[in-house]
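A.B. asks: The primary structure of each chain is shown beneath.
Protein chains: 2
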Amino acid sequence: MKTKFEVRQGSYYDSIVLMQLQRRLSELEGVADAAVVMATEANKEMLRASGFDVDQFVAYADDLVIMVKGDGAKAAIGRVDELLQKRSSGGGQGQYRPKSLATAAKSAANAQWVLISVPGRYAAQVAHDALDLGKHVFLYSDNVALEDEVALKQKARAKGLLVMGPDCGTAIIDGVGLGFANRVRRGNVGIVAASGTGLQAVTVKIDQLGGGISQAFGTGGRDLNAAVAGITALQALDYLNNDPDTERIVLISKPPAPSVATQLLQSAYACEKPVIVYFLGYAVSATAIGNVTFARSLTEAALLATATELEKSAIDVPHTYEPYMRGLFSGGTLAYELLLALRPFVTPLYTNIGVEGVPKLQNSLVSQANTVIDLGEDEFTQGRLHPMMDNALRIRRLREEATDDAAGLIVLDVVLGEGAHADPTSELAPVIEEVKRNRPNLQIIAIVIGTEADPQGMEEQIGRLQAAGCLVYTDLHNAINAITALIVSPPTAYKTVSPFNAGLSIINVGLETFYDSALEQGAEAIHVEWRPPAGGNAQMMGLLAKLKRSGT
Amino acid sequence: MKTKFEVRQGSYYDSIVLMQLQRRLSELEGVADAAVVMATEANKEMLRASGFDVDQFVAYADDLVIMVKGDGAKAAIGRVDELLQKRSSGGGQGQYRPKSLATAAKSAANAQWVLISVPGRYAAQVAHDALDLGKHVFLYSDNVALEDEVALKQKARAKGLLVMGPDCGTAIIDGVGLGFANRVRRGNVGIVAASGTGLQAVTVKIDQLGGGISQAFGTGGRDLNAAVAGITALQALDYLNNDPDTERIVLISKPPAPSVATQLLQSAYACEKPVIVYFLGYAVSATAIGNVTFARSLTEAALLATATELEKSAIDVPHTYEPYMRGLFSGGTLAYELLLALRPFVTPLYTNIGVEGVPKLQNSLVSQANTVIDLGEDEFTQGRLHPMMDNALRIRRLREEATDDAAGLIVLDVVLGEGAHADPTSELAPVIEEVKRNRPNLQIIAIVIGTEADPQGMEEQIGRLQAAGCLVYTDLHNAINAITALIVSPPTAYKTVSPFNAGLSIINVGLETFYDSALEQGAEAIHVEWRPPAGGNAQMMGLLAKLKRSGT
Numbered sequence: 248m249k250t251k252f253e254v255r256q257g258s259y260y261d262s263i264v265l266m267q268l269q270r271r272l273s274e275l276e277g278v279a280d281a282a283v284v285m286a287t288e289a290n291k292e293m294l295r296a297s298g299f300d301v302d303q304f305v306a307y308a309d310d311l312v313i314m315v316k317g318d319g320a321k322a323a324i325g326r327v328d329e330l331l332q333k334r335s336s337g338g339g340q341g342q343y344r345p346k347s348l349a350t351a352a353k354s355a356a357n358a359q360w361v362l363i364s365v366p367g368r369y370a371a372q373v374a375h376d377a378l379d380l381g382k383h384v385f386l387y388s389d390n391v392a393l394e395d396e397v398a399l400k401q402k403a404r405a406k407g408l409l410v411m412g413p414d415c416g417t418a419i420i421d422g423v424g425l426g427f428a429n430r431v432r433r434g435n436v437g438i439v440a441a442s443g444t445g446l447q448a449v450t451v452k453i454d455q456l457g458g459g460i461s462q463a464f465g466t467g468g469r470d471l472n473a474a475v476a477g478i479t480a481l482q483a484l485d486y487l488n489n490d491p492d493t494e495r496i497v498l499i500s501k502p503p504a505p506s507v508a509t510q511l512l513q514s515a516y517a518c519e520k521p522v523i524v525y526f527l528g529y530a531v532s533a534t535a536i537g538n539v540t541f542a543r544s545l546t547e548a549a550l551l552a553t554a555t556e557l558e559k560s561a562i563d564v565p566h567t568y569e570p571y572m573r574g575l576f577s578g579g580t581l582a583y584e585l586l587l588a589l590r591p592f593v594t595p596l597y598t599n600i601g602v603e604g605v606p607k608l609q610n611s612l613v614s615q616a617n618t619v620i621d622l623g624e625d626e627f628t629q630g631r632l633h634p635m636m637d638n639a640l641r642i643r644r645l646r647e648e649a650t651d652d653a654a655g656l657i658v659l660d661v662v663l664g665e666g667a668h669a670d671p672t673s674e675l676a677p678v679i680e681e682v683k684r685n686r687p688n689l690q691i692i693a694i695v696i697g698t699e700a701d702p703q704g705m706e707e708q709i710g711r712l713q714a715a716g717c718l719v720y721t722d723l724h725n726a727i728n729a730i731t732a733l734i735v736s737p738p739t740a741y742k743t744v745s746p747f748n749a750g751l752s753i754i755n756v757g758l759e760t761f762y763d764s765a766l767e768q769g770a771e772a773i774h775v776e777w778r779p780p781a782g783g784n785a786q787m788m789g790l791l792a793k794l795k796r797s798g799t
Numbered sequence: 248m249k250t251k252f253e254v255r256q257g258s259y260y261d262s263i264v265l266m267q268l269q270r271r272l273s274e275l276e277g278v279a280d281a282a283v284v285m286a287t288e289a290n291k292e293m294l295r296a297s298g299f300d301v302d303q304f305v306a307y308a309d310d311l312v313i314m315v316k317g318d319g320a321k322a323a324i325g326r327v328d329e330l331l332q333k334r335s336s337g338g339g340q341g342q343y344r345p346k347s348l349a350t351a352a353k354s355a356a357n358a359q360w361v362l363i364s365v366p367g368r369y370a371a372q373v374a375h376d377a378l379d380l381g382k383h384v385f386l387y388s389d390n391v392a393l394e395d396e397v398a399l400k401q402k403a404r405a406k407g408l409l410v411m412g413p414d415c416g417t418a419i420i421d422g423v424g425l426g427f428a429n430r431v432r433r434g435n436v437g438i439v440a441a442s443g444t445g446l447q448a449v450t451v452k453i454d455q456l457g458g459g460i461s462q463a464f465g466t467g468g469r470d471l472n473a474a475v476a477g478i479t480a481l482q483a484l485d486y487l488n489n490d491p492d493t494e495r496i497v498l499i500s501k502p503p504a505p506s507v508a509t510q511l512l513q514s515a516y517a518c519e520k521p522v523i524v525y526f527l528g529y530a531v532s533a534t535a536i537g538n539v540t541f542a543r544s545l546t547e548a549a550l551l552a553t554a555t556e557l558e559k560s561a562i563d564v565p566h567t568y569e570p571y572m573r574g575l576f577s578g579g580t581l582a583y584e585l586l587l588a589l590r591p592f593v594t595p596l597y598t599n600i601g602v603e604g605v606p607k608l609q610n611s612l613v614s615q616a617n618t619v620i621d622l623g624e625d626e627f628t629q630g631r632l633h634p635m636m637d638n639a640l641r642i643r644r645l646r647e648e649a650t651d652d653a654a655g656l657i658v659l660d661v662v663l664g665e666g667a668h669a670d671p672t673s674e675l676a677p678v679i680e681e682v683k684r685n686r687p688n689l690q691i692i693a694i695v696i697g698t699e700a701d702p703q704g705m706e707e708q709i710g711r712l713q714a715a716g717c718l719v720y721t722d723l724h725n726a727i728n729a730i731t732a733l734i735v736s737p738p739t740a741y742k743t744v745s746p747f748n749a750g751l752s753i754i755n756v757g758l759e760t761f762y763d764s765a766l767e768q769g770a771e772a773i774h775v776e777w778r779p780p781a782g783g784n785a786q787m788m789g790l791l792a793k794l795k796r797s798g799t
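Protein chains in written order, with my numbering: chain A, 248 to 799; chain B, 248 to 799.
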C-alpha cells in the first residue's frame, strides 16, 4: 500500500489540533490509515507496529510526522495545511484573545487562576509568570522538571498560592471542572488527590450517592514524593479544613514517600473534620485513627465521604474461568486499583506501570497472560493526546488483543466529563461490535466513569456500549468483582480433614500446664512423663533415631 | 553485693519448672535477685544487663545457669534441688502417666490430638510419631527446622491430618483452648490464624460482641511462607468450609508469601461462606472481592465476623503530645498491628521485629525514641518462658523505661486465658504503682486481652491495673487511638491559602478545549493566543528568559 509522509521540523502544534488533523486525514477518500504524531521514539515504535515505514526519514522528538497510507495518500498530504486551518472551536470564538499572559492578566484582573497546558519545556516559565502575577496555577503540562516543580511550589507556598501539577489532570474549583473533570453536584465533601482518575472516580461516585463536592484539588502525581514533600497536598488540606463549605475531606494518592505520608497524616489528624484517606497500595492497620478513616478502595472512599453503607451489589456474571484478561485503561488510578485488587487473586499478572509485586511487561505493546495496561503512561502520550481524548491507540490495541485467542476478557474504562473525548463510544462501540462479531464468546467489560450531567450524555454512552455487547459497570468496585468472577480459577482439591469427633481428647507431651488446662476445660487428657531420649545427649539421640528407623 | 552461681551442664528442665524455681529463689530470705535461665548468648547478655557477672563461668546454650544475688545467695543455691522437687500442679496429679507417646496412645485410643511442647530439637520426632499414630498435632515447640515443618505438614496432608505449628501458640478445638487461648463462647465463626495473639485478640473480641467460635486453628508463623506453602492454613480453611457449625470464616496472618497469598485467597474465594481476611501489612485495594472481605485491623475482623457495626468509642485522653512512647509487648501480633498503625503517624519509631518501614533497634535491650518491643521474639525466649507466662523480663524493662525521662508513655499488653500467667497483675500492678510513685506524670496504657470466663478473672485484673494508675483498654483499636491521641504531634503551621472569591475566573494558556470547557461551565475565562517564545527555538528561549530575569 502506498505510504506518503511529511516531516515538519521543530513545529509546535496544540495536540488537539494534531488529533483533529489525524481524524480529518483518515476520513479523506482513498486514505486507509493516517497518523499525526510528534516523532518521539515511542511514537515511532508504535507507527512501526502499525505498519508505517518510519525508517525512510529522519525525525526527532520535536518534529511533527504526518503519515498517510492508501491510494489517496499523496493528495491527503497536500491538504495538510488547509486542514490545519479548519479548527473546531467552542463558545469562546470571536472573543478577545491577548497574546501574552501579562496582557491577559491586565484585562482579567479578577482572574484567580491560570490554566497552563503548553508543552512541558515552556510550562515552568509560564507558571512562574502566573505566580508572579499573584495567580493560582493549574498546571496540566507534563514533562516539567522535578526541580522546577519544587521551585514553583515553594514560591507558591510563600505567597499563599497553589500550584496544582505539573501533570495535574483534574480539579473542581468553585464548582467548575478544570482539565478532565466530571460535572458533579456541589456539596460538603472536599478532595485532595495526587491521582487524576482517582479524583474523578471518587467525585463521580459521591455524586451517584447523592453527595456533592465543595472543592477538589489535584496535586500532580509527584507532589507526595520526598523532594516535593507534599506542599500542594498540605496546602489543600489546610484550605479544606478552614473552608466553611467543607464538612468531610477525602485524601487520595498512590503510596506517598514515608516522610510525606507522616506529614500528611499528622496534618489530617490535626484537622477538625473527618478525613478519609486512601493511599493505594499502602498497608494500614486501622479502620480509623481519631478523625482519620482509612478507605480500601475509591468506591469506599466515596461511601465514607457520604456516610453511605456499601450495598452488596449482585454481580450477575457466572464464574466462567475465562482465559486471560486484558485491561486497556485510560485512567491510571483505575488501572492501579484493579492491579492491586487482582494481585493476590490472579496469576500471572503483568502491567506497564510500577505496582509492587506485579511484573512489568517485556514490551508494553505486547500483552502477556493477564495484563493491565495504562495507556495514559508517558511512554504512550509523548507528543500524542491522552487516551481519554484520543481513542486511536486503544482501538488499535483492542483489535490486536481480540486476535489473541488466549484473551478471553477485555476490560476498558470510558472516562467522561470535561476535557475528555466528546463522544468516545461513537468510536469505541463500532470496534467492539466488530470484534464481537468475529469472536462472540469474547467478554468485554466497560467501566464508565461519569455523571448524567457530563457533556457526553452518560446514558447514551452506556446504551451504546451495552448494544455493542459489553458488560457495563459504573463503579470500579463492582467491575473488579465481575472481573474476578470471570477469571479467578478454583483451587486444586486435596484430601479433606475429617470432622473431629465430638469431645476433645488429648495426649500431652511437654509443658504440664497445657495438660492441666485441658483437664480444667473438661477435655479428656493424658500426660506423657516425657524425658529427652538418651538423657538429652545429641549423639546418642541420633543413634537411637537411626535404630528406630531401621527397626520399623 | 554477693553473687553465687551454679551451672548444670546439658540439663533439660521444663521451662515452667525453671520459672517456678526462679520465683522461689527470689522469695528466699537474703536474696536480692535471682535468675534461672538456659545459658544462651541472649540470656547471658540480659543477665549482664541486670548486673550479673556471667563471665566468671563458661556455659553454653544447653546449660542451665542459676544465679543469685544477696547475703543469702549461698544458702539459696544450696536449696536448688529441694526447690526443684516442689512442683506445683493442677488437677491431673495422681493420674496415670505413661512414659512414652506410644503407650499413651494405647491407653487413650480415642485421643485425636497430640500436644507437643518439648524443646525444639526433640519436637519434630515426637510430631512424626504422633502422625504415624494417626493423630493431629498441636506443635507448640519453637526452634523446629523449616525442612522438618515441611516434611511434617506434607505427611499430615497426605493422611488427612493437621499439624498446627511449630511455634503454634494457640487454638480452640471443639471448645477447648490449646496452648494460650481464651475461654470464649462457642458459635458460628471459624478462624485460621498464622498469628497467635491475632487469633486470641479476634476470638476475645468476637466473644465481647456476643459471638462465638466454632473452631480456631493456629498454623504457626511460617505456614504461609513459600516453603511451607500454607499447607495447614489451606487444610483448615477447607475444614471450616465443610464444617456445618461454621457460618463465617476469619483468616489472619502477617503478610504471606505472594504465591501463598494467591493460593489462600483463591481458596477463600471458592468457599461457600463469607471469609474475612486480615493480612497485617498487606495492601489490598478492595473492601470485598466476592465472598472475601478485607479487614483493616483485628478489631474490624471481629466486627465483620459478627456482622457488628463499629461503635465510635470516645477516647477520652487529651492530645498531650507526650514525649516518646515505649511499648513492651508479650503479644507479637498486637505489637505488629500497633507498629503498622503508628508507622505513618509517629516518627522516629523503632522496633525489634521486622516491619517494613520501621527501623530495627540497634540493641533490643535499649529503647530509642518511640519503641515497640515484642518480648515474645526468639531473642528473648530462648531457654526462657514466654512473657505471657513469665513477667520477669517485662518488669525489669518497665523499671528501666521509667527511669528514662524521654519516655512519657509506656504501653503494656496483658494477655489472659489458658496457658498464660495465672495472675499477671499481681506482679505487674505493684511495679506500675512503684514507677508511678516516682513519676506521677508518666502515662501507662494497658491493653487487656481476655474474657470474663478466663481463669485469671478479667474484672479483677483490670481493676488492679486501674488502681495502679493505668489507662486500660480491652480492644487494640481503642488503645491505638488513645496512644495516637497522646503522642502524635501537631504539624508545623504555614501560610494558609485565602478563600477563593466566589465565581471562578480563569486565564487559559495552552489547550483551547480547557478554555471552551470553562466557558461552558459558566466560569469567566480568557484564552491567551500563546505561541512558544522565540518560535520554539530553545537557545533563543534561554536568552529571552535571561533577559527577562535581568530586566526585573
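Just so you know, these hints were derived from the structure itself, not from any lab.
One or more of the hints may lead you astray.
Since the list gives no way to pick one copy over another, a pair counts as held whenever it fits inside one copy or between any two copies.
[What the hints assert, rightly or not] Derived EDC-like pairs: lysine to aspartate or glutamate, alpha-carbon spacing no greater than 20 Å straight-line:
no.: 1; residue 1: 607; residue 2: 394
no.: 2; residue 1: 402; residue 2: 490
no.: 3; residue 1: 291; residue 2: 624
no.: 4; residue 1: 346; residue 2: 776
no.: 5; residue 1: 251; residue 2: 492
no.: 6; residue 1: 291; residue 2: 309
A.B. asks: None of the hints should be skipped; say for each whether it holds.
C.D. replies: Cross-check of the supplied hints:
| no. | hint | verdict |
| --- | --- | --- |
| 1 | 607 with 394 | neither (28 Å within a copy, 33 Å between copies) |
| 2 | 402 with 490 | neither (23 Å within a copy, 64 Å between copies) |
| 3 | 291 with 624 | within (16 Å within a copy, 57 Å between copies) |
| 4 | 346 with 776 | between (96 Å within a copy, 5 Å between copies) |
| 5 | 251 with 492 | neither (58 Å within a copy, 74 Å between copies) |
| 6 | 291 with 309 | within (12 Å within a copy, 70 Å between copies) |
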